[in-house]
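Number of protein chains: 2
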Amino acid sequence: MSSTKEIFIAIIGLGGVGKCFLSQLKNLSAQLSKTPTSPNLSLILISRSNKILYQKNYQSLPLEDIYDSLEKSTQSNLRISEIIDYLAAAPSKVVLVDNTSSQEIANSYPQILGKKISIVTPNKKAFSSSRKLWEDIFTAATPGTHVYHESSVGAGLPIISTLKDLIDTGDEILKIEGVFSGTMSFLFDSFAPVKGSGGTWSAEVKRARELGFTEPDPRDDLNGLDVARKLTILARLVGMQVDSPTSFPVQSLIPKELEDAASADEFLMNLPKFDAQMEEIKVSAEKEGKVVRYVGSITVATNEIKVGVEKFSCSHPISTLKGGDNIISFHTKRYSNSPLIIQGAGAGGDVTAMGVTGDLIKVIRQLS
Amino acid sequence: MSSTKEIFIAIIGLGGVGKCFLSQLKNLSAQLSKTPTSPNLSLILISRSNKILYQKNYQSLPLEDIYDSLEKSTQSNLRISEIIDYLAAAPSKVVLVDNTSSQEIANSYPQILGKKISIVTPNKKAFSSSRKLWEDIFTAATPGTHVYHESSVGAGLPIISTLKDLIDTGDEILKIEGVFSGTMSFLFDSFAPVKGSGGTWSAEVKRARELGFTEPDPRDDLNGLDVARKLTILARLVGMQVDSPTSFPVQSLIPKELEDAASADEFLMNLPKFDAQMEEIKVSAEKEGKVVRYVGSITVATNEIKVGVEKFSCSHPISTLKGGDNIISFHTKRYSNSPLIIQGAGAGGDVTAMGVTGDLIKVIRQLS
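So the protein lines, in turn, are chains A and B. Start counting the first sequence at 1; every next residue gets the next number (full-length UniProt numbering). Start counting the second sequence at 1; every next residue gets the next number (full-length UniProt numbering).
Please keep in mind that the hints were generated in silico from the structure rather than gathered at the bench. Honestly, I wouldn't trust all of these hints.
Using 30 angstroms as the maximum straight-line C-alpha spacing, the simulated DSS-like pairs for lysine-lysine come out as follows [to be verified]:
hint	chain 1	residue 1	chain 2	residue 2
1	A	26	A	93
2	A	56	A	19
3	A	72	A	26
4	B	93	A	287
5	A	116	A	175
6	B	175	A	287
7	A	195	B	72
8	A	311	A	287
9	B	206	B	115
10	A	132	A	5
11	B	132	B	322
12	A	306	A	333
13	B	195	B	5
14	A	115	B	175
15	B	26	A	175
16	B	306	A	164
17	B	195	A	311
18	A	306	A	195
19	B	311	A	290
20	B	164	A	287
21	B	51	B	26
22	A	322	B	19
23	A	164	B	26
24	B	72	B	51
25	B	206	B	175
26	B	132	B	56
27	A	116	A	195
28	A	93	B	26
29	A	195	B	164
30	B	93	B	175
31	A	19	B	51
32	B	306	B	290
33	B	333	A	333
34	B	51	A	322
35	B	19	A	175
36	B	116	A	333
37	A	116	B	164
38	B	51	A	195
39	A	311	B	322
40	A	164	A	206
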């Protein structure tokens, strides 16, 4: 352990995840300050939408009431390139915490890492967009500069760290399969429960939206892109060459006719017209004593990635999954008789922030 | 990242886990040597029972055919204190890999760590014996000296790392529950399956032993001590004060009358006389539509740890567990609606070694 006693933290994004992260950072910072040998964390920049707060001399911003201080800030906003310049000139090692889902910031990761600034983030876009961006990011992350993104798949569940451990220790990944979307998990458990009959598809989509289980426009869940992005990340970690999250079959649950509906409300109003299609899929599974679930899978040997509705027996762990949980199974050479399975809440501010904070701790350990 | 370019590895123990670890180490070493910026791993000492191989000038031992070289070694065995002296004088950082289950070596951990030698190990004894040993170990592990023991619970499953992440990021652990023994998992799945009727208890114990699912003397599994040790480790990580693995209720499945049977064979010959007891427990569960399983649980609020047979509904994930798998559920403040669950093979050379190799990688990252 070298003598780095101070690590600078910069935070971009203060939505649901960002706020929870801030609270976890306060706790972490307090914990570290109790151990004299631990590094000191200094928040040097924080920004959200059109607000920014930083001090030109890299003095630490007080974590207490930081949200209010940011709201009151009258500092002129900085472009991402200006933020990078500011962080690159800092007199100590910097970790940027990107709590946004911004493609623009994701596109800057190679540049950020190139300036020896480490990154921790739940932002899926950086790792699931073009293959070039993925390659540029990991080429730029030279020794001593880290990029961790546990929460980009399964929120705080230890999915990425487990997959990396399997690979790094020489296991051979055969297949990864699971339910990767809390929204889809909730929806299908309500629509096609193992016990009972469930509501109509459109009614369940409406209800899930009212309960906050979908994006404001449910089509952002139903198009399957969120799941496709997660599969892209895992497949790339396994070493597969994936051009983009649209370069493999992804089943969209948005009827073609409603893709261009002007608003979420218009979409939901017209969705009942298509209930018969979903009902047919459900009934066809029931006839085999099965239920339908929206899953993603990666089969390494055949280089196959797919996302969509599949049938599972009622006792299968994927079928019995409840209330918005994720479940991910790793079938490997070592875990061949039965897979290594990880299951639990895969969405929500606190558990997503936990993945970010856990990553930050790992980066700090390696920087200090 | 400082400039440590060489890390010395010393291995004690070459049984089932040790052999698999050696093969994973070869692979890891080859991987690291491909990246010029990675540290170089040098094996400087290897020992098993009454054999030892090391070079006085800390030259690297070739990994190729190392097992044969060790067998042919005529070097006089060293006491653990002599090994420590040898490692402490090494001109680079050292990681000791203890692949034994030796209490004597475990007792030396505080001394080893005190000499700035890091430790990775699947050896449960160090962390589940007296509370004093636990405290001495973690007092001795000063910054820059690491002790990792993922495989001491659930083999390669990410149990300890996940628990630590939950705690370090500020989650509150409410309850940990699960099946912690591959042997018990196999036995109870055969004896009281969710579907079908299962064999008699003594027949299933005999069969499990024949299939290699038990220790040579099955009483070493049936006394529950192995599970109690794992619970002790997890409870201590949560912050509970546990004096020893016998300081809380642990249900032994060895009939009192057979505790002193002279041999495993004598034990097995007499076990059928006690089948009625186990049958009664099984039938009583069946009357409630449930099955029996051997589980361990830690309830933090009531400071309660217990190990023994409990009843579970047939759809409970603990009931449907198959073929020697472990399952561990973390109920926490964040994972409150449904627990974070990790499941998979919890025993076997390759998966146990994977936990050790994974730990070694984490230590190397922090040392280099």
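Do the hints match the structure? See the list:
1. 26(A) <-> 93(A): Between residue 26(A) and residue 93(A) the Cα gap is close to 19 angstroms, so the pair holds against 30 angstroms.
2. 56(A) <-> 19(A): holds (24 angstroms)
3. 72(A) <-> 26(A): holds (20 angstroms)
4. 93(B) <-> 287(A): violated (63 angstroms)
5. 116(A) <-> 175(A): violated (35 angstroms)
6. 175(B) <-> 287(A): It is violated: about 40 angstroms lies between the C-alpha atoms, which goes past 30 angstroms.
7. 195(A) <-> 72(B): violated (64 angstroms)
8. 311(A) <-> 287(A): Between residue 311(A) and residue 287(A) the Cα gap is close to 11 angstroms, so the pair holds against 30 angstroms.
9. 206(B) <-> 115(B): violated (46 angstroms)
10. 132(A) <-> 5(A): violated (36 angstroms)
11. 132(B) <-> 322(B): violated (37 angstroms)
12. 306(A) <-> 333(A): holds (21 angstroms)
13. 195(B) <-> 5(B): Violated. Residue 195(B) to residue 5(B) sits at ~57 angstroms, over the 30 angstroms cutoff.
14. 115(A) <-> 175(B): violated (44 angstroms)
15. 26(B) <-> 175(A): The hint holds at about 25 angstroms.
16. 306(B) <-> 164(A): violated (34 angstroms)
17. 195(B) <-> 311(A): With Cα atoms ~22 angstroms apart, residue 195(B) and residue 311(A) stay inside 30 angstroms; holds.
18. 306(A) <-> 195(A): Roughly 27 angstroms between the alpha carbons, so the hint for residue 306(A) and residue 195(A) holds.
19. 311(B) <-> 290(A): Roughly 27 angstroms separates the two Cα atoms, so the pair holds.
20. 164(B) <-> 287(A): Violated, at roughly 45 angstroms.
21. 51(B) <-> 26(B): Between residue 51(B) and residue 26(B) the Cα gap is close to 21 angstroms, so the pair holds against 30 angstroms.
22. 322(A) <-> 19(B): Violated, because 41 angstroms separates the two Cα atoms, which is more than 30 angstroms.
23. 164(A) <-> 26(B): holds (18 angstroms)
24. 72(B) <-> 51(B): holds (9 angstroms)
25. 206(B) <-> 175(B): Not OK: residue 206(B) and residue 175(B) at ~34 angstroms, beyond 30 angstroms, violated.
26. 132(B) <-> 56(B): violated (34 angstroms)
27. 116(A) <-> 195(A): Given that 30 angstroms is the threshold and the Cα spacing comes to 54 angstroms, the pair is violated.
28. 93(A) <-> 26(B): violated (34 angstroms)
29. 195(A) <-> 164(B): Violated: residue 195(A) and residue 164(B) sit about 36 angstroms apart, past 30 angstroms.
30. 93(B) <-> 175(B): violated (38 angstroms)
31. 19(A) <-> 51(B): violated (57 angstroms)
32. 306(B) <-> 290(B): holds (20 angstroms)
33. 333(B) <-> 333(A): violated (35 angstroms)
34. 51(B) <-> 322(A): Answer violated: residue 51(B) to residue 322(A) is near 54 angstroms, above 30 angstroms.
35. 19(B) <-> 175(A): Measuring from Cα to Cα gives roughly 26 angstroms; hence the hint holds.
36. 116(B) <-> 333(A): violated (36 angstroms)
37. 116(A) <-> 164(B): Roughly 28 angstroms between the alpha carbons, so the hint for residue 116(A) and residue 164(B) holds.
38. 51(B) <-> 195(A): violated (61 angstroms)
39. 311(A) <-> 322(B): holds (22 angstroms)
40. 164(A) <-> 206(A): violated (38 angstroms)
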